[in-house]
Amino acid sequence: MTTPAQEFLRSATQETANQPTRRAIRHAVDQYDAAVQRGRRQFVDWEAGRQKCYEIKWEALNHLDQYLLEFEKHVKARGGHVFWAETAEDARRYVADLATQRGVRTIVKSKSMVTEEIHLTPALERLGIRVFETDLGEFIVQLRNEPPFHIVTPAMHLTRADIAKLFHEKLADAMASGSSSNDDPPELVAAARRALRRAFFSAEMGITGANFLVADAGMIAITTNEGNDRLGTAVPRIHVAIVGIEKVIPRLENLAVLWPVLATAGTGQTITCYNSLIGGPRAPDEVDGPEEFHVVLLDNGRTDLLADAEQREVLHCVRCGSCLNACPVFRAVGGHAYHTTYSGPIGSVLTPHLRGLNEFQHLSYASSLCGACTSVCPVKIDLHHHLLHNRRNAVQAGDRPWHERIGFQLWRLTMAGSRRFAFAGWLGRTATRILYALGLAGTPLDPLRPWTKYRAAPAVPQKSFRATWRESGGR
Amino acid sequence: MQKVSLFIPCFVDQLTPAVGMDVARVLRRIGCEIDFPEAQTCCGQPAFNTGYWDDARPVAEHFLRVFRTAEAVVCPSGSCTTMVRNFYPELLAGTPLVDEAKSMGSRVFEFSEFLVKVAGVTDVGAHFPHRVAFHDACHGLRELHIKQEPRELLRHVRGLELVEMARSEECCGFGGTFATKFGMISAAMGETKAGNAEASSAEYLVSTDPSCLLHIDGILRRRDSGVRTIHLASILARTEVAGERVESASRARSAE
Chain W
1 MTTPAQEFLR
11 SATQETANQP
21 TRRAIRHAVD
31 QYDAAVQRGR
41 RQFVDWEAGR
51 QKCYEIKWEA
61 LNHLDQYLLE
71 FEKHVKARGG
81 HVFWAETAED
91 ARRYVADLAT
101 QRGVRTIVKS
111 KSMVTEEIHL
121 TPALERLGIR
131 VFETDLGEFI
141 VQLRNEPPFH
151 IVTPAMHLTR
161 ADIAKLFHEK
171 LADAMASGSS
181 SNDDPPELVA
191 AARRALRRAF
201 FSAEMGITGA
211 NFLVADAGMI
221 AITTNEGNDR
231 LGTAVPRIHV
241 AIVGIEKVIP
251 RLENLAVLWP
261 VLATAGTGQT
271 ITCYNSLIGG
281 PRAPDEVDGP
291 EEFHVVLLDN
301 GRTDLLADAE
311 QREVLHCVRC
321 GSCLNACPVF
331 RAVGGHAYHT
341 TYSGPIGSVL
351 TPHLRGLNEF
361 QHLSYASSLC
371 GACTSVCPVK
381 IDLHHHLLHN
391 RRNAVQAGDR
401 PWHERIGFQL
411 WRLTMAGSRR
421 FAFAGWLGRT
431 ATRILYALGL
441 AGTPLDPLRP
451 WTKYRAAPAV
461 PQKSFRATWR
471 ESGGR
Chain P
1 MQKVSLFIPC
11 FVDQLTPAVG
21 MDVARVLRRI
31 GCEIDFPEAQ
41 TCCGQPAFNT
51 GYWDDARPVA
61 EHFLRVFRTA
71 EAVVCPSGSC
81 TTMVRNFYPE
91 LLAGTPLVDE
101 AKSMGSRVFE
111 FSEFLVKVAG
121 VTDVGAHFPH
131 RVAFHDACHG
141 LRELHIKQEP
151 RELLRHVRGL
161 ELVEMARSEE
171 CCGFGGTFAT
181 KFGMISAAMG
191 ETKAGNAEAS
201 SAEYLVSTDP
211 SCLLHIDGIL
221 RRRDSGVRTI
231 HLASILARTE
241 VAGERVESAS
251 RARSAE
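If you're matching them up, the sequences are chains W and P in order. Each step along the first sequence adds one to the number in our numbering, with nothing skipped, and position 271 is 271. Each step along the second sequence adds one to the number in our numbering, with nothing skipped, and position 206 is 206.
Pulled out of the complex, with its shape left as it was, chain W reads as follows (with noise of 0.2 Å):
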């Protein structure tokens, strides 16, 4: 059996190679990094934003339980259902009989990393029930029965012609007729319209996720580019909400920075174009709106993070992606080399929390520990740092190989005195000299074959600096 590591390795050595895909990603990443500068020209003070951002998170995670208790009373004194789901079976389970109970047959989704996160769709499909997509990023995806590549722009590694190739392989109906080479993209996205109409008005569900749970009001506030989201709250009969318990903010003024620096973090933008609040099924002095209105409270293991006072601030994430947009290593392996629900650098961080150290410590290790991700955070998660507390958890839970813990002895006894040192680096650069000048270089028979695997074979000098040093007296 492949473990993940051994998985995320052979994608690295596939992907870096995957020109097209990097292209791709860089060239929406120069996109993403000009409106990015632009959006932050609102803010007087964008780092002031961002430490309001973090305060507004510690408290709400700080008071968990008390913002989540007045949430719910809220929304249980409006007719809403509120269902506390530990785990991802839980909340699979409790979408899934309501969805039977009720008798749909097709449910229509906004886009929610956190329905990816439980494997929601799949539990559905099982069921027969139909489940689209509604987000055209996702709906791209979903067509190619890929998970998202990106937690914003799931289709970031596609390029107009690959979803004008796909749109006519799976949409032939929707597409207009003649247009065979057609890839114009209000074309494309006419198409998917006329597609998603369909399931708009055929489904009795509608299934979101939620950027934040308002707890004074009671509401869960969604943010989208599309009106999806509006569409498929209002249409169908019934509305679930999925959503992660430390979503929660305390206060509806919370959002007059946090709507405006989510937007901004995310996709550059001074806002978002549709942000809306619910907090409830349709009143009886209301036109519209569902019947029934559910909100799904998922933990999922964020209680454990929960308790982890180092890391707790990783909860703070609002899943703009902008870490991943920062991370070069998410730009040369992209989305899908992690195999995870989360990449880049908050995947790295969270996955080994949600989904065990042992199996998902190698995306910790995975890092230049380069910082990017950390200084662009709007909510101030120290990324990087905490890649360093995953690996140091993983040294002290003995999840390393044998042969990198007694690396690492040696490496301290040679380490505790100079003589010791200078003698290991003066055998060590004259047997890589000598096998050098037997031209072994770069060869599986070099001694530093896991750096020349790559790079040219360094010209490894015949003196130390210490030795050097010496001779010249210090001068």
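In case anyone wonders, no lab produced these hints; they're calculated from the structure. Please note that a few of the clues may not be correct.
With a Cα cut of at most 30 Å, we get these calculated DSSO-like pairs of lysine-lysine [said to hold, decoys possible]:
1. 453/W to 181/P
2. 102/P to 380/W
3. 3/P to 463/W
4. 463/W to 181/P
5. 102/P to 3/P
6. 147/P to 52/W
7. 380/W to 117/P
Assemble the complex: chain W is given as a structure, and chain P must be docked to it using the hints.
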């Protein structure tokens, strides 16, 4: 006269000794009194970054003992400086040496930071008639917040033309053991860096971290690039007279 103790990282000692000598040359030129405590070995970063904090701790303690009496410690690597200044307090938390670690953190300096912020020097009388681009090494940039100091020093070098490369702040892909554990990713990042360096029209890519340079140099030479790498100290060490001597020496070597 400012007394300075040289902290020469283990891999600089073994693989790029010339960088260490150039640091000494520049510091001496601006009037520092230099010593090199020979008992030094490594700051402990390889073990620390791989998660082996119990193995890193005695090496860090050794470092603190070696440099206990130093007035100022200067290091030609932002990464190793970061280890001592930013990470020793965390690594040694709860041990008797934690206060000493914090005190050491205020006395250890990255080379360009020392020149500009401590010694107050931006012109060290160097001469280097080439076009160069600066690569912001991650630890120097994001942990020590060094951005303008090396550029300031480069702007005062006679004959030197400083150009900015695209994405100068993007990691080159070295990352310590990451470079060999995930060689394919490290190399892909290095190729991106190399491409940006080539597009900048610079003859030399200069930086403050010899580890980044070792990696980028290996990538550049593998693709037969015209761009060469050089450490900031090696540029600052060259004066009009010494520069000619270095160049004629390298010509003589290549003629052998």
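### Task
Hints the structure violates: just list their numbers, smallest first.
none
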